[in-house]
Each structure stands twice: as structure tokens, then as C-alpha cells.
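Go by the hints and put chains D, Z and G onto chain P.
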Amino acid sequence: MVSQEQKDHVEQQVVDEQEEDAGVSSPDTTPTPDSALSDDKQESQPEAATTGGQQQAVRTGKRRGRARGRLVNAEEVMPKPSLWPLAVAFSIAFVLFGVIAGLVVLVIGVILLVASIVGWILERR
Amino acid sequence: MSVAHGEQVRVLEEEHGQVGERSLNWWGMVFFIASEALIFANLIAAYLYLEIRNNNDIWQLPHSNLFLPLLNTAILLGSSVSVHFAGTGIRKGNVRQLIIGLSVTIFLGACFLVGLAYEWTSLIADEHFSISSSIFGSAFFTLTGFHGLHVTIGAIFLAVCLVRATKGHFSKQQHFAVQAAEMYWHFVDVVWLFVVTLVYFVPLFR
Amino acid sequence: MATSTIGERATTIDVRRKRFSETYIGEWITTTDHKQLGLMYLITGFFFFVVGGMEALLIRTQLALPNGKVLDPDTYNQIFTMHGTTMIFLFVIPVLSGFGNYIVPLMIGARDMAYPRMNAFGFWLLLFGGIFMQSSFLFGQAPNGGWFMYAPLSELAAGHAFQATPHMNADFWLLGTTLLGISSITGSLNFVVTVFKLRAPGMSINRMPLFTWMILVMSFLLLFALPSLTVASVLLLLDRHMGAHFYQYGSGGDPLLWQHLFWSFGHPEVYILILPAFGIVSEILPVFSRKPIFGYTFIAWSGVAIGFLSFTVWAHHMFAVGLPSIAQAFFATSTTLIAIPTAVKIFNWLATIWGGKIRFNAPMLFALGFIAMFLIGGLNGAALAVVPFDYQITDSYFVVAHIHYVLFGGTALAVFAGIYYWFPKFTGKLMDDRLAKWHFWVTFIGLNLTFFPMHLMGILGMPRRVYTYPANLGWNDLNAMASVGAFIIGVGVILFMINIIKSLKAGQAAGDDPWDAYTLEWDTTSPPKKYNFLEIPVVRSRRPFYDKKYPDIADWKNVIKH
Amino acid sequence: MRMPVFRRKKHWLAALTGVLLSSILLAACGENSPSILNVAGPVAESESSLFWLILYLALAIFILVEGVLIYSIFKYRERPGTPNPYQNHGNMLLELVWTVIPTVVLFVILFFTIRGLLQVAPEAEPAASASQPKIEVTAVGHQWYWEFYYPKYNVTTADTLEVPVGTTVHVKLFSNNVIHSFWVPSLTGKTDVVPGHDNTKWFVAQKTGLFTGICAEYCGTQHANMRFNVNVVDNSSFMTWISGQQQAAAAPTDALAQKGEALFKNQCASCHGIVGVNVTQFYNTAQECTDLPGGKANGTPQCLIGPNLTHFGSRSLIAGGVLDNNTKDNNCDPNNPNLMQSCNLAKWLKDPQAVKPGNDMAIGALSNAEIQQLIAYLEGLK
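So the sequences go chain by chain: P, D, Z and G.
The first sequence begins at 1 in this note's numbering and counts up by one.
The second sequence begins at 1001 in this note's numbering and counts up by one.
The third sequence begins at 2001 in this note's numbering and counts up by one.
The fourth sequence begins at 3001 in this note's numbering and counts up by one.
Chain P with its partners taken away, still in its complex shape:
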């Protein structure tokens, strides 16, 4: 299925690729399977520090030295839940319904919309 030309191409690419990848990670190391830190272990470390964590051999690539692995806290890092997107979406729908249903609904909708946008903006700080 593969022409000779293509095979040559392949070999050439392998060389290129190694050079190119050197900065990102060393080509002869396979990616580490999942982190050494399983969830269970993590739980035994209460209030895990936000830095530190596992120490790994740091390889120096062509472009840039690799920083150490960091341990960050999931709850702090992940986006927080918020009700405001729903509120704003609902208000917009309400305003457009007001366009059809009449001025009273429209005014209520606009008030809702302003309130929910203000809520969204304020929540962020």
C-alpha cells in the first residue's frame, strides 16, 4: 500500500519530527501514564499545597527549560457555578416575548434584563 517514495517520506519525517519535538518533550520517553498521584493519595494530603508536588527529572529542551509539575487545587481552579447565565438568557427571551405580548411584559423584561446583567457583572468580583 505504501510506495517507496512514501516510505522515504516517512523516514525523513521521523527525523524532522524529533527535532521539532525536542523542545516540547524528549522523543524517547513515552508519556507517563496517569499521574503518580492518584485521587486517593491526594485525599490523604489535606489541603494540598498549591505548588510543590511530584518531582520529575527535568529535561532541558532546545527552547526552554521545563518547569516542575505543579499541584493545583481542583475547586479553586475550575469555573464556579453561576445562576446568572440562566437569568440573563431568561430575561432576553422575556424581552423578546414582550415585543409580541405587549408593553407591560416588555417593561418587566427590560427590568429583569438590566437586573440580571448587573448581577452577572457584580458576581465576578
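Hints in this document: simulated from the structure, not taken from any laboratory.
One or more of the hints may lead you astray.
Only pairs whose alpha carbons sit at most 20 Å apart, straight line, appear in this in silico EDC-like list of lysine to aspartate or glutamate [claimed, not checked]:
(1) Lys1167(D) x Glu123(P)
(2) Lys80(P) x Glu2027(Z)
(3) Lys2357(Z) x Glu3066(G)
(4) Lys3207(G) x Glu3125(G)
(5) Lys2437(Z) x Glu3078(G)
(6) Lys80(P) x Glu2022(Z)
(7) Lys2069(Z) x Asp3351(G)
(8) Lys3172(G) x Glu3125(G)
(9) Lys2357(Z) x Asp2516(Z)
(10) Lys3347(G) x Asp2072(Z)
(11) Lys2530(Z) x Glu2027(Z)
(12) Lys2529(Z) x Glu2027(Z)
(13) Lys2069(Z) x Asp2477(Z)
(14) Lys3152(G) x Asp3234(G)
(15) Lys2357(Z) x Glu3078(G)
(16) Lys2505(Z) x Asp2432(Z)
Predicted model only: the values in this text are computed from it and were never measured.
Relative to the frame of chain P, chains D, Z and G by itself:
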């Protein structure tokens, strides 16, 4: 926004040198403005389509007084300078300059809107030229109205920034809202140049 | 690898009252997690699929026999309008966005979308927009101008004393699609920035999974096509309520302006509906053939080519409106051009399964069904580009056959394939494969029985959008056949629902990687934890998870850049 | 997990093929269909003949691609002990081949497309000559019926377009309401009737006979019931028909019909015109009656909503093509005791909204006697 991607961006930036200097929000704003620009592109395309399909002589305002549109253009271009002044201020960390720049911009934006409103009322009340009087009326009021709506939105955006600036929310490092408002305002100004050329100046050269 | 690792806060004994966002309902309605939102998109989309499907069954019931009396004409017109609108805006786009939301961040090794709250906002807009649109039935004023809403039929009045749309029907459609449009804009902004900026280290644009590619193209199409619809709708609303004349010929307006604006949205829209389906199939075929995708570069860039070209073909929906011959020739040419990348994709898919080791699990069955059916949709689509022949068959049932082979035989089958493929990832449970195969064969037969006869109806001169037809024109048997087929598809959908419920309750445990797959979403737990990856993975080829599982024969060791 | 699905697949495939084949056979039986393949003129000929080109090309591609698909499904399915396949990422040569081949095929189709397009374009309309004369007709799309105006002869009729055989028919398409589409599958493909656009269509009928015409653009509630007939007749019959249509309406002679005429003037004349009764001449909607706000709504000639009924009795279709004007076998003889059941016109006059819901015909409730009178009058207008 939340910090999940912030963490990821940090990883990408610090450890892999992958993410450029522009923030995620900057990219979002760019694509948002691109989409907005296409709204105007479509409006202008519709305007030109109708102009080509219609007889030239009805495709004109009832008067040919260019003073107001020229004044409005000058005001809007000036406001672009002042919003840039505000942005430069916060990029240097100068909140006072930011507040002054924003105030001037909002004032100029308001002047523009007043000018537009004055022109509309004089057209409708004095010259009986309204959205329903002819197809050019429909196109004229829609195009300028859409632009006016965007100026209003931009001015509100700037006003929110102004309030937050007085409360000290912005610093040299953290001022994305100002940057976004600035981008939006420049965009609105550029659109006006197209609008004013099409609506006021092109008919003069026919 | 030295990327950051996520840990979970140690659970301490929690004595404080639960916050609202921690209750079961609160968690769902306040979530900003792309996976939960993705599931909500999928569920909402499927709900509207059932709604739109019922509308389709009503249509087919009315048309099963000549001179049908099930629906009165105006109700029928509302139903067929809402069937098209629902399926396009409320089923296909949400479901594809749902897959995109759930899968794309996982595939590119990100922990969430770029703007999680905007993501939630987009979903809620979709939901309320859908409710807004369907609530028009409660007022008895559902949109009745067709999903294309041609002016001047959608104006308040067309000319003097002629019936157009004096009531709110058209307003519901215009405002509803505006809501859904804002939702799509936020969603696609989010996709574009996520894909551009949040890819895992090493995942260059040339190593992105094809599904991600297609979602990216879809997002660009949405960003740049939706403004046309917005403008068209705004001008029509101004006509209807502010006395403007954009589409009123007597005052210098032009009904064709609507068609130009609408189709310059509408044709990219068609590719918005099919490109992510291409992406899903391009993910499934290699995994179940145990080979990499054939001609990755060609599949990816043909998608981009389709995206660009889709902005140049809109007037092929308007061959019959009397455009100048030269314009028609231009649009025939661009339409011909757009068929080429589509053909390239099909050939690459065939080459992917050629020489493979094919496993016939449900996802693969649906993906193969997709190729078989989409081919028909492509071929009869090419027939529609033949302008003189198009004069005969446009606006006939032939076109109905074409769109349904593309959107049902194409997109819907790919959506089912995607659900069967990723369901283990969503829930940690396998779906019942036997029931899934029943679902496939019932659907496959049903869809051919429904939509194939429509070609013939079109050739026999049956126009679209008719609420009834007389008995003496030779259309009776074909219509009866199509109606039977529609109900068979209905049975298929019921089988699917049974399968979902059964698998949720008592599905086999799937494990993290039931299909021995290639892409990063399988490199997490099923279902994934909130933060997706403990460590952000590092990518060195197009099949990062394959490399990890088979380090000896990893792709990065013999990379071919095609 | 891996089930031998193929035992079953063959079975299904056979069944499926059977279903598809039988559907084609059934379709072939539709003798009365307005089929696009049943061509009766050069325009439809050059439009529909492309069908066969595309069908054969598409069939070839279909068989090839589905063949490869089904072959590889059988050939490469996983069997116990199958080794892992060769990890083939692509092949430049193959990609080139299958980009170029469809391109060539598609451009061949494109060539025929553009050639055919130019053959049927308005610019290709043959000039009038001795061997092939030309007539001009304005087709007016109403909600929901077709009106046909012959400007040269000053004749207006509805629901049936009479044309002579072997003559170029130049159709001007006009609408002052919504968009319609003019389609006679056997004679010509569609061209939309767009308000404000001067679209035209031309065709030549080479066979005499009755052909079904259809409105093909969604135009509102009764879009489904906007058919018309094209009656192709020889030249002398056409001229006879024209001269008959040019006459003013015959004055009714018997008492029943005279009552009917009085009733017509009272009940129907605000929407329908009859030359010699309430209007002085046929009118041309397209040119003289644009019927817009501020238009010539009250000018002369009168602008009427309903079709002109001057020669109603001679028409074969009524009510916008929904009903036959079934005057044969005394169906519509006013003295027929079963008149209300047998006569389509009676049904229409009794309750037009039941026959065609949503149409514009507003008529007060008529007693059976009044319907008898109206039928006697209208069917007498030959």
C-alpha cells in the same frame, strides 16, 4: 471569567511557550467584532442592492446639507482619539488618564447621538421624510439607526468602565473591560465612516 | 511530564448548609462545566428531535392518502414550518453543539471551554428560544411561512387586500431565530477561542482530531453566516411593525432581497449542519477499522474548502427566480466546485475502512450507514446543481428527498453514531449493542422507505409544501409508502429511547476506554472528572492516546504529514 | 460484542432492493401524473433529457462507491486471529486521482448544465416565423388561482391556458401579491412569479392534449390547490376559441338564468367581472390594475379580486383548479334533482370555504333555489 482556562493558559504559557501575548478574552472580542462587522456588511449590501434596483432620483435625502454629518464625523473621530488616550493611560497604569479619556469619549458619543437625533427629528418633523415614506427612507433610517444603536451600546459599555474605573477596579495588569470597550468603540467609528460615505457622499457624485 | 497536576480538596466533614449550587437541581441549572452543559445540549436537542419528529408524523399522516382531512391547511402549514425550523435550529445545531461542548475540550486536552459562563448562557438561550418558538402553538399562531419565511408572504400584507401573515406567526419565528442566533454566536465564539488557544501542548493545528477541525469550521460558518439572517430578520420586522418597505415591491423594495440575505445564511447553514457529522464519522471509522484516518490533511482541508465555498453558492436555491443566465452559470459552477471536496471526503473514508479490521459495533454500523446514505444525498444534490434540470425539480419532492438524505441519512445517522460511540464516556456504561443494531436496521429501512419514493414523487410532478393532493395524479402509492416508512423511523426512535433508558439503568460497565480508541477524551475516566485530566497531556501525533497505549508502534515514531 | 450481523444483512439487502425496485415500478404506473419525463415540447425536452445523463452517471458512481463500501465491509470484517492492519496514513497519488476524476466528471456535467441553461434561457426564445408563430400570454398568479391574459386578442380567462400547437408561447409572469411559480412539467420547468420582477418563460407544445400546470412556490394557505391546465389545441380550434372569448357575455334568455344574472349583480359583482354585465372590457391585471395601496384600485378598467367570468360556462376547471366544471351528463342542469350532490359548481357556491378553506371567496349563505339560478346563469355563459 473563571480560572480553569486561566490555569491552563498559565501551563501553556509558562511551560510550553505556546500561548501568545493576547488574552483569551481579546481573541473572543476580535471574533465577536468580526461577526458584528458582518452585520453591517450585510446591511450595507442590502442598502446597495436596493439602491441599484431603484431609480437614482429617489435615492437621496430631501436636503443636501452636509454640515451635521460632517460635524458628527468629526465628533466620532475625535472620540476615537480620546478612547485611545484612555486606553494608553491604563496600559501605563494611569487611572486618572483613563477616567479623563473615558469621560471625554462618553461626552463625545452623547454629542454624536444628540446630533443624530436632531437630524432624525428635523427630517421627520420638518421634511416629512420617515422610514415609511420611501424605500430610501427605510434604508436610511435603518442603517443610521443600527449604527446609532451600536454607538449607544458602546457608550453604555464605556460608562460601565468609567464607573468601575472610579471604583478602582482597573490596574496596569487588569483592565480587559477597558480594552474591549476601546476595541468596540474603534469598530463603531470605522463603521460610521462607511455609513456616512454611503449615505451622504455617494449620492453627491452621481 | 511536568505539567500541572490537579488534586481534589480533602473532604472534611461538612456541617454547613448546602449551597444552592450543590443541590441536585441547583447543580444542573447553575453549572458552568462543559460536560454537564454538553449533556444538557444533547438532551434538549433530542427532546426537540422528538417534537419535530411528531410534527413529521403528522405531516406524513396527512399526506398518507389523497385528500387527507387530518389537518386543516393552515395547521398543516404551521406544522411543516415548525418541523423544518425545529429540526434545523432546535435539534441538529444543539445536538452537534452538545457533542462539541462535551468532546472538544476533552479531545484537545483542555480543562474546560474558554468561557464557561458564556457557554452556560448559550445553552439557556437555546432552551428558552426553543420554548419561545414552540409556545407559539399555545397561541394557535405558530409560524406558517415555511422555515425559509419568504417575503412578501411573511409580511403583514402583500399588496392590497391580499393575505400574507397578518398575525404574530412570523414574529414568533423571527424573534425565536434571533434568540437561537445569539445562542449560536456565543457557542461558536467559545469553540473558536477554545480550539485556537487551549490545545494541549504539542497539539499543533495539524494534529487536531478531525471532529475538532469540523467544529472549528462550523463555528466560523456560524459566526459569519448568522449576521445575514439577523439582518434579514431585522429588516422584515421593520417592514412588519415600523412601516419600512424593504421587501414590498410597490414602494421600491424587493422580495428577492430576502432570498439573497436568507440564503447567504441558509447555505452555509446547510454545511453547519453536516460538517460536524463528517467529523463524528471521521472519528469513528478509524477506531473501528483499527487504522488511522486515511488522508487526514485532505479531510481536514476539504472541510475548510467546503466552508469557504459555502459562502459562494447561495443563489443555487434561487435558480427559478429569474436571475440572469450568467449569474446562474456562476452559481452552477461554484456548486460544482463544492461537490469536489465532498467527494474527496467520501473516498478517504472508504480508504480508511479498506484494509482495516472492522468491528461492527453500533457506532460503526451507523457510521457506515452514514456513508451509504450521504452518498445518495450527495448524488441527488449534484443533480440539483444542473440548472435546467433544477427548473423541473426544484420546489418538488425531489428536493425533500435530497435534504432528508443529507440531514437524516447523513447528520441524524452520524448523531446516533456519536451517541453510541460516546455514551460510555458520558455515563461509564455501555449501550445494549443488540438493541442498537435493531435500531439501526429499523431506521435504515424506514428512512429509505420514506425518502426514496420522494425522488419519484418529485419526478412525477408533486410540488413541496402542499397540504393535500388529488387522487388522480399518480402520487398515491408513493405517498402511502413514505408514510409507512415515517412510522418505521418512529419505531426506530422508540427503540433508541428504550436502549438509552435500559443502558442507563443496567448497562454493562464500560471502563475508561471501551473501544480501544485513539483520541484524548478516552484518556480520562468515564465519566470524566470535573477537571478532565489530572495532568494536561502532551501530544506528539494525531493519535495521542494510541501512542500512549502502544508506545512501541506509536505514531510519532513514523509520522506522515498528509 | 461482535455478532455475525451478516447473516441478516443479506436478507435485509434483498428486501430493501425489492422495496426500491417495486417503488420504481409503482411509479411507472402513474399514468396521469404530470411527470417531468413525459415531455411534450423542446424546452421540457432539453431540461428533462439531462435527467438521464445524471441518472446514468450517478448510478455508475453509486454502484462503484457502494460496491467498494459493501466489499470492504465483507472483506475486512474482523475475524478471529486477524492481525492488526497496516497503519496507512494516506497516499498522495490516490488523493490526486480521486480529486481529479470527480472534478472531470463534474465539469462534464457542468458543460451540459450551461449548454442546457442557454438552450432554455429567455434569450434563446425563437423569433416568430412563418413555420413557428408566436403568441404572448400574461400569467397572473393570484392567491390562489391563475389568470391568463392574451394581450393581442384582449381575452382574459382563468384556470386553463389555451395554446395552439407548434407555436412559441411567450409567457409574461406577473404577481401583485406573493411569490408564485409557473410550472408545467410536460412543457416547461419553473420560473417564479416574483412581484416587481418582469420574469418571462417561453415554451412550445408539440403535442395536442391537456397538461397539468402547478404552482410550485409556497404561496400561503391554499398553495396546494393552485393548479391549472394547459390545453394544447390545433390552430383553427384555438382561433375559434379566441373569437368566442372575445364576445361579450351572452344575455340570458330563460327566466331562471335571468334571476341568476340579477343575483350575480347583487352578490358577486364586487369581486367578479362579466363583460357586458358589470364591466365594459376585459382587463389586464398586469398593466392596468396594479392593485396597490394608492394604485388604480378605483380606476377604469375595474380592478377585481376574483376571476373574470365572462365565458365561465366554457371552462373546464373552476375554483382555482380544484374542481372540474362537470357540466356533462346533466350534472349541472339546474333542474337536476340531485344538483347539490352532482354539480361541483353547486358545492362551491354552497360553501366555498369547505371546498377550499381560507380562500377569498366571501359569499352570503345561498338557498338552493338561488344556487339553481346562479348555475343556470353561469353555466349558460359559454
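We went through each hint and held it up to the structure:
1. Lys1167(D) x Glu123(P): This hinted pair holds, its Cα atoms lying about 16 Å apart.
2. Lys80(P) x Glu2027(Z): The hint holds at about 11 Å.
3. Lys2357(Z) x Glu3066(G): 19 Å, holds
4. Lys3207(G) x Glu3125(G): This hinted pair holds, its Cα atoms lying about 19 Å apart.
5. Lys2437(Z) x Glu3078(G): Measuring from Cα to Cα gives roughly 17 Å; hence the hint holds.
6. Lys80(P) x Glu2022(Z): Holds, at about 11 Å.
7. Lys2069(Z) x Asp3351(G): Since the Cα atoms of Lys2069(Z) and Asp3351(G) sit roughly 17 Å apart, the hinted pair holds (cutoff 20 Å).
8. Lys3172(G) x Glu3125(G): 13 Å, holds
9. Lys2357(Z) x Asp2516(Z): 13 Å, holds
10. Lys3347(G) x Asp2072(Z): Roughly 19 Å separates the two Cα atoms, so the pair holds.
11. Lys2530(Z) x Glu2027(Z): Roughly 13 Å separates the two Cα atoms, so the pair holds.
12. Lys2529(Z) x Glu2027(Z): 15 Å, holds
13. Lys2069(Z) x Asp2477(Z): 18 Å, holds
14. Lys3152(G) x Asp3234(G): Measuring from Cα to Cα gives roughly 18 Å; hence the hint holds.
15. Lys2357(Z) x Glu3078(G): Cα-Cα ~5 Å, so holds.
16. Lys2505(Z) x Asp2432(Z): Distance ~11 Å between Lys2505(Z) and Asp2432(Z) Cα, so the pair holds.
Every hint, counting from the list given before, is met by this structure.
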